[in-house]
Amino acid sequence: MEALPQTLFFGVLRSGLYALTALGLAISLGVIGVVNFAHGEFVMLGAYIGFWVYLLLSGPLDLGPAVSPLVIALGIPLSAGALFVLGRGVFRFTLRPLLSRPELDQMLLTFGMAILLQNLVSIALSPQAQDASLGWRFELLPLPGGAISVTYARISAFAVSMALVAATYVLLARTRLGKQMRAVAQNRLGAMVVGIPVDQVYEVAFGLSLALAAAAGVTLVFQTQVSPFLGLSTILKAFSIVVLAGLGNLFGVVWASLLLGVSEQVISQYVPDGSALRDGLFFLLIFVVLLARPGGLGRAR
Amino acid sequence: MSALLEAHGLVRRFRGLAAVDGLSFSVEEGQSLAIIGPNGAGKTTAFNLVSGLLAPNAGRITFRGRDVTGVRAHERCRMGLGRTFQVVQPFAELDVLGNVMVGALFGGGAASVAGARAEALRLCDMVGLGPKALWPVGGLTVPDRKRLELARALATKPVLLMLDEVMEGLTPAEEREAVGLLHRIRADGVTLLLIEHVMSTVRDLSDRVLVMDYGKPIAEGTYAEVSRDPNVIAAYLGSEEATA
Amino acid sequence: MRRELVAWLAFIAIAALLPLALTSDPYLMLLANVMLMFMALALSWDVVARTGQLSLAHGAFFGLGAYTVAIGHKYAALPPLAGLAVAGVVGAIVAVALGGVTLRLRGIYFAIATLAFGEVLRTVALQVPDVTGGTIGISMPPLFGGDRVASYYLAGAIFLLALALSLGVRYTRAHYAVTAIRTNEAVAAVMGVPVVLTKVLTFVTAAVIATLAGAFYMPFITHTDPHDAFEVSRSVAALAFPIFGGIYTSVGPVIGTVVLRSLEEYLRVTPPWKEGYQVVYGAVIVLAVLFMPRGLVGLASRMRARLSRRPEARIPILGSGR
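Residue numbers (this note's numbering), protein chains in the order written: chain A, 1 to 301; chain B, 1 to 244; chain C, 1 to 322.
In isolation and in its complexed conformation, chain A is listed as follows:
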């Protein structure tokens, strides 16, 4: 049982990344109502942008130990900004015309985009996974006691993720735009009646959703290999969190991420042959939730 605090801690750290990814998906799903199967690919694009920044800073510019925080400080705004603009464009030219068409068409479109993006990146760059070899990535934070050890990389990724999630929540709760988005998520017709410019809200929401995905991607640079195909596992976890929290329940994403992150770690640690189960955990979660409570666990219908 010694490993328990460490396991739990890891779980919490991982949930930070999950929360950021899932929140973006929750916004596009909850506010606009579209299933963005390409969400994971936008995370991937963000990761590549972050990776590119890393290469730039550590290569030609060679900034030494300042690289790591700079990758975050520069990479996130850059990727988030780029994908926000991209998101609005993608929405305006592809998704918006499809909103009046059957759901199947929308899902096919985003799925097609996912396949297109994965393979485009694979051809344009390389199908191989690449590593940001930051020594920082493996360096341990000196912590009192000895029960818990963590790398600088993981803790900063977590901190950044949570900061962005918190910022998004503030946006949703306090700003006019955020309130409009929540209103549209709750009741589209009602929002229109009240005078909210639903189309514009959709566009911004989609841009925001992609910006969050991109930011999540940048934090990934410190935690794992960057590959054109990392989208699939990313999106499955994000979906299971969104389903768990309940569609439209934007604020429930955090605790659902926590649940997934922690149980994932606990299972792989304590259940024999746990790693097999761990990967299937998200499916099990989705399936069981859908079986028991089709609206997700977060809402009383």
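Treat the hints loosely; a few may be bogus.
[To be verified] DEER-style ranges, computed between Cβ atoms:
id, chain 1, residue 1, chain 2, residue 2, range
1, B, R122, A, V85, 54 to 62 Å
2, B, G128, A, G195, 34 to 42 Å
3, A, S126, C, L299, 30 to 38 Å
4, B, A224, C, L167, 54 to 62 Å
5, A, Y270, C, V131, 45 to 53 Å
6, A, G89, C, L299, 26 to 34 Å
[Unchecked claim] Some chain A residues well away from chain C (every beta-carbon gap over 12 Å; in silico):
id, residue
7, K179
8, M192
9, V198
10, Q225
Just so you know, these hints were derived from the structure itself, not from any lab. Nothing here was measured: the structure is a model prediction, and the numbers come from that model. Cβ coordinates follow ideal geometry from the N, Cα and C atoms, glycine included.
Following the hints, complete the assembly by docking chains B and C onto the known chain A.
For chains B and C alone, coordinates are given in the frame of chain A:
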């Protein structure tokens, strides 16, 4: 002998707000009922509960003597409960005839596709869509869409036909035609349950009237009784729906 | 209807005679086998799409079929044909479980569940190496001793099953049910259409066919591993072919398979595409959804309508009630 349709204490909430809050009523066979009330009174929600598209949070529904509260919509249709929608949504990829055939094949239990086609053609003629039976639905006018909606519902061989604001969007001449058609349907033995805002239609077609407001019944009786009820008048004050 | 059936009979006759023309070329014979297999897969995907559902699990059922046959052979010495039958049953059971739960809900839940399902199967195959051989994979002796003509007719039988399903859903009352369901489930239900039952039935039959296609694949290819059996690309192909050729038709998936799968053969060996050939599928899907929603068949139909004299025919809605 139990009534054709009975609703007991129906409650339906949406995110904490009760759209239907303790609704009870009954419809006797051959005695058509109209449900009227201001906008937002919960009439369409009541229809959705009765037809099986929504599950009630509380309450019971019996149809033809059987408790149908947990029975699914398509099963209720097969039992003889037909329903039209206020905003007609035809199946765009089928032509007029095909739309009616869906009802004939499934709700109406036709033995074969050919048999369903014949029945559908008969119903199209009856509602006045005969010449347009092979048209795609995109080319239909508003009154034609209403006719289609009616034909579709009739194809399911209803014993009780629920009509949701069937007169909306029709000119007075078209209204009269529709009322004539509905009289014929009544004569064929179908009991009507209507939601309606056009009071002349209510007077002409219903034997009894139920007035709803805030999800509850506030008055019930004949049209004459209900139109004099002070509660009803108060509920309608300030709203312009009541057109007589 | 009669015209279409006659056309299919002609197609089947030609296809049945094809080996006579091809026996000299083993590569083409191999391709012909693969084509039939994919046509079956594409047709079965299209049937599920007719109820408005997006299945991303067709590749997964394919892999399930392959592994069932392989495992059946390894542990029970099941010959391929018996393995095929067992695989069909397994596919049906799994599809009932998966569909029974998820098809009661909104379409997005079904789509997500099918995506996750595929991933889970692949992970499971990787994680139980004692049974499945893990990353190394699993083998079995070649189908019919390597006779590509015999296997062609077996693939043809599976294709005929798929075609029968596709045409059956088109020319029986099922056509009205599925069209109503995909347009508006609530209205369909209120008109007496058993929505959930229909969705589950179409999904299960389609899944069985996908499973059979995979069950054929295993002895045909003699060796597979989790990455090959559960390749996402097969699920992608299963939907790209019908979308490109013409969704909601029987001829669309077949044409789409022939065109795109042939293209794939070329791309796979040509730089810069090579392993990235799927980028074409992604592009095809996106472009088709945006600009050509009814695929090649739709294009042909629209052109015919434009040239036609009858004004009603110009309204671009495919498929009348007939």
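Which constraints among the numbered hints does this structure fail? Numbers only, ascending. 5
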